[in-house]
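Assembly of the complex is requested from the two constituent chains, each provided in isolation within its own frame, with the hints serving as guidance.
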Amino acid sequence: MPSFATPLDANTIVDIALLAMLAVIVVAVARTRSLLTAIILTSVYSFISAVWLVVMDAADVSFTEAVVGAGVSTIIALGAILLTRSECSRIPWRETLLPLLLVTVTGGLLVYAALDLPSLGDPSAPANIYVGRLYLQHAEHDIGTPNIVTAVLSSYRGFDTLGETTVIFAAGLGVALLLGFGERALQDTPRPSMAKMAESGQHVVLRVSAKMLIPMISIYAFYVQFHGDLGPGGGFQAGVIMAVAIILHALVFGLQETMESIPPQLARGLSAFGVLLYAGVGVVNLTNGGNFLDYDHLFPRIFEEGLPDSHLVGGHHIWGQHFGILAIELGVFLTVASTMVTIFYAFAGRAPDLSPHGEG
Amino acid sequence: MSFLLGHFNYLIVVFLMMGGLWITFSSRNYIKRMIGLALFQTSVGLFYISLGKVAGGTAAIVLDKTSKAGEALNAHLSPDYVARAGVDGVVYSNPLPHVLILTAIVVGVATLAVGLAIAVRVREAYGTVEAGEIAELDRTEAGPRA
Numbered sequence: 120m121p122s123f124a125t126p127l128d129a130n131t132i133v134d135i136a137l138l139a140m141l142a143v144i145v146v147a148v149a150r151t152r153s154l155l156t157a158i159i160l161t162s163v164y165s166f167i168s169a170v171w172l173v174v175m176d177a178a179d180v181s182f183t184e185a186v187v188g189a190g191v192s193t194i195i196a197l198g199a200i201l202l203t204r205s206e207c208s209r210i211p212w213r214e215t216l217l218p219l220l221l222v223t224v225t226g227g228l229l230v231y232a233a234l235d236l237p238s239l240g241d242p243s244a245p246a247n248i249y250v251g252r253l254y255l256q257h258a259e260h261d262i263g264t265p266n267i268v269t270a271v272l273s274s275y276r277g278f279d280t281l282g283e284t285t286v287i288f289a290a291g292l293g294v295a296l297l298l299g300f301g302e303r304a305l306q307d308t309p310r311p312s313m314a315k316m317a318e319s320g321q322h323v324v325l326r327v328s329a330k331m332l333i334p335m336i337s338i339y340a341f342y343v344q345f346h347g348d349l350g351p352g353g354g355f356q357a358g359v360i361m362a363v364a365i366i367l368h369a370l371v372f373g374l375q376e377t378m379e380s381i382p383p384q385l386a387r388g389l390s391a392f393g394v395l396l397y398a399g400v401g402v403v404n405l406t407n408g409g410n411f412l413d414y415d416h417l418f419p420r421i422f423e424e425g426l427p428d429s430h431l432v433g434g435h436h437i438w439g440q441h442f443g444i445l446a447i448e449l450g451v452f453l454t455v456a457s458t459m460v461t462i463f464y465a466f467a468g469r470a471p472d473l474s475p476h477g478e479g
Numbered sequence: 180m181s182f183l184l185g186h187f188n189y190l191i192v193v194f195l196m197m198g199g200l201w202i203t204f205s206s207r208n209y210i211k212r213m214i215g216l217a218l219f220q221t222s223v224g225l226f227y228i229s230l231g232k233v234a235g236g237t238a239a240i241v242l243d244k245t246s247k248a249g250e251a252l253n254a255h256l257s258p259d260y261v262a263r264a265g266v267d268g269v270v271y272s273n274p275l276p277h278v279l280i281l282t283a284i285v286v287g288v289a290t291l292a293v294g295l296a297i298a299v300r301v302r303e304a305y306g307t308v309e310a311g312e313i314a315e316l317d318r319t320e321a322g323p324r325a
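Which chain is which? The protein sequence lines are D and X, in order. Counting from 120, one number per residue, gives the positions in the first sequence under my numbering. Counting from 180, one number per residue, gives the positions in the second sequence under my numbering.
Isolated chain X (complex conformation) (with noise of 0.2 angstroms):
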């Protein structure tokens, strides 16, 4: 039980990213497909901010423990606990996985711009974006527009 409680987390990062990669690998549409990577993008970093939390922690901006919220933090925790895990007193999550997850989102919906952006490139090409249409089209040799 315990166990399972550990690692949920995980399970569902592997489900949430295989259900990305079933949606861009069985839609013929790109929009869905690029729907498909932007998913599967976010499970990634679900689990790299899995992976830096700290049980018990709180946000990673330094904190005196003798304030109110720094004692509010500690009042449910053993003394013993905040020594191994905590820094200077307060416990706080790896803030590392925060800073590689945060550029990663915003790179990421620069580059998604750019698959929308050919995506709106094929219809005005082909006048479809569904991947069979398209290369139906090439083949009786009708080809693209523009």
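Only chain D is shown next, with the shape it has when bound in the complex (with noise of 0.2 angstroms):
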């Protein structure tokens, strides 16, 4: 096997500039007393490694990163300081010897064994030839979409994607029994309505330009929802940007204005049902006669006799992935955009009940 050594193109010069600018931002953070400029920092940590990650060629997680981590993350950790404080106390010093002693200690053990890895960038690295190396060759012949990301993640995949579709769910039906669906906020006095606030020309620039990006915004989420196969994009990012677009309308209009369009029952609902249309599709599979979410089995037996071979793959027609793959993506996209809405509904909802007691 060749010896391979990293290369000093542009490629790594830009790789190493973003990663040290990201560990300027982790010392910032450990250092900040003020809870604000640490989720601040968090966002921009996020935003510099969806760079760092396009540069890695990871199109499709720099999609993610930078509409989680920049995006919906930070809305959800100013709601939660909202509702708690946003200062932090003094650590007196002689606390910081334990867990100093601790990191350094993990820290040494970790780069000792970090000198043993292949360099950046080798092709021969044992995680580069095997599985990756075969989901490569075989995935656009398999599967038949040119997003080999997408072919590995809803099709070879399947199951684990189901799983986590399912502890996303889990997550947002956790945020809504800890802090309830927001109910509060519809019990609350009314706020000022659209029109009153257009009446008094309450936030012009934000309405306007908000009007202007949501439907936008929610044009984009479905372009990523439906591209997934050919380009970067899929049912997380495009649930996610969705998500965002929603939770926009809250921040300008107003929470209660959101819920009348978009009830939190409807959210919740939305929220099981992309996992039940996940699931449903490995059980039509299993009906079929095949595999739980092998999509081959999509459609039965009796549609695929008399075709001309150019539209079968492997004895299946060819439409089984394509179909399979649209339907659990939208699953997907239907639990991931209705969570982040439920989880945004709970902290938000939360908020006029911003108790008297404590520093509130």
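Here are the simulated distance ranges between beta carbons:
no.	chain 1	residue 1	chain 2	residue 2	range
1	D	Ala136	X	Ser257	24 to 34 angstroms
2	X	Glu315	D	Leu405	53 to 63 angstroms
3	D	Leu370	X	Gly268	44 to 54 angstroms
4	X	Ala310	D	Glu302	26 to 36 angstroms
5	D	Gly408	X	Met180	52 to 62 angstroms
6	D	Gly408	X	Ala304	46 to 56 angstroms
Keep in mind that the hints were calculated from the coordinates and are not lab data. Nothing here was measured: the structure is a model prediction, and the numbers come from that model. Note that the Cβ used here is the ideal one computed from N, Cα and C, for glycine as well.
In structure tokens:
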């Protein structure tokens, strides 16, 4: 096996620069006592790592990190400090000694282990020559989607993704059980309606630009959803982008306005329906004599008889994989989007309850 | 020098991971701890993605080597290297780590939300999210409010 040395090209230089920025941000987060600063810095961290992921050819992951890390998780964390407090107490230096020792020892051991790892970009590294390479060689023939990340995510490892979708649903359920579905916002005394806001001329710039942005963000979410087979994108990214459009509406026009158009009941219902749709596609394959989530068996045998060979892949209709992936990506989209909205409702709906006790 | 170049990513990953661990260990504030855990988690993602990078490669979206993009990509790579590292004449980075980390990020924000929700309930019950003050309240038998 020929030895490999990482070339000092533009790619590597950008890689080093971006990673150095991430390191600086982590130090800043560790030092600051203001939680607001820490959250904004984490948002910047996510954005820089999204750029870094493009350099590392991980276009799909970059997409996800940009919308999730820099978007939704920042909003949720800001909601959490609104409901708790935005300063953390000073730590006496004596109490930092034990963590410092632990971190130094663990870090030293990890660095020692990291020295044995293959160089960055080595094409013959063990991680890159077995199953990853097989997916690259066979995905287009087996699945028929040019984007191999989508092929692996939704077909080869579809069972894995079903588990992850279920985890997201369960997390949304957990937040709702802890904080409620935001129904307190509806019981609250009504806030000024949109018509009243327009009369009084409040936040004109915000309202006008949000009205222009929300439809475009939504259309973009659908583009990312249905283009996921061909380019970067898919149900996870599209779901979060859709949720961002809804959250933007709530931030500008008020929670009650949004809850009228997208009731919390609808959001939690769709969240469960997405998982059901995903698992349902698996069951359809079972009833047609295939394995769970084996989309080759999505259509009954009877449709495949008498078709010319050009319509068949491995003896099965070529549409099975296409429609199977479309259906489960829709399930992922519904679960992710409505879970993010449910979580946002839970945090934002808690705000009127800011209790008089404590330092609120 | 070339060894450092090839392992720089791993050193930074260890630094970021230990930074997250340090924040989680040393902070007394639950929100800050959740931020530390989130940073810790992203460092694992960076590690996986670093492992899957192939030098001179492109994103794992099937490309025709005779297309304009395919030719531009192969222009600065030796044919020998493309034959060794590529699939059908184009070099791609490994898609498998991308799949794993993509879903991990979305699951990460969902679980972060659960952690923050618990912190909110702790604040409602105790009036604080500082571990030390909560222990003090428990010791003086003031206990949680709800």
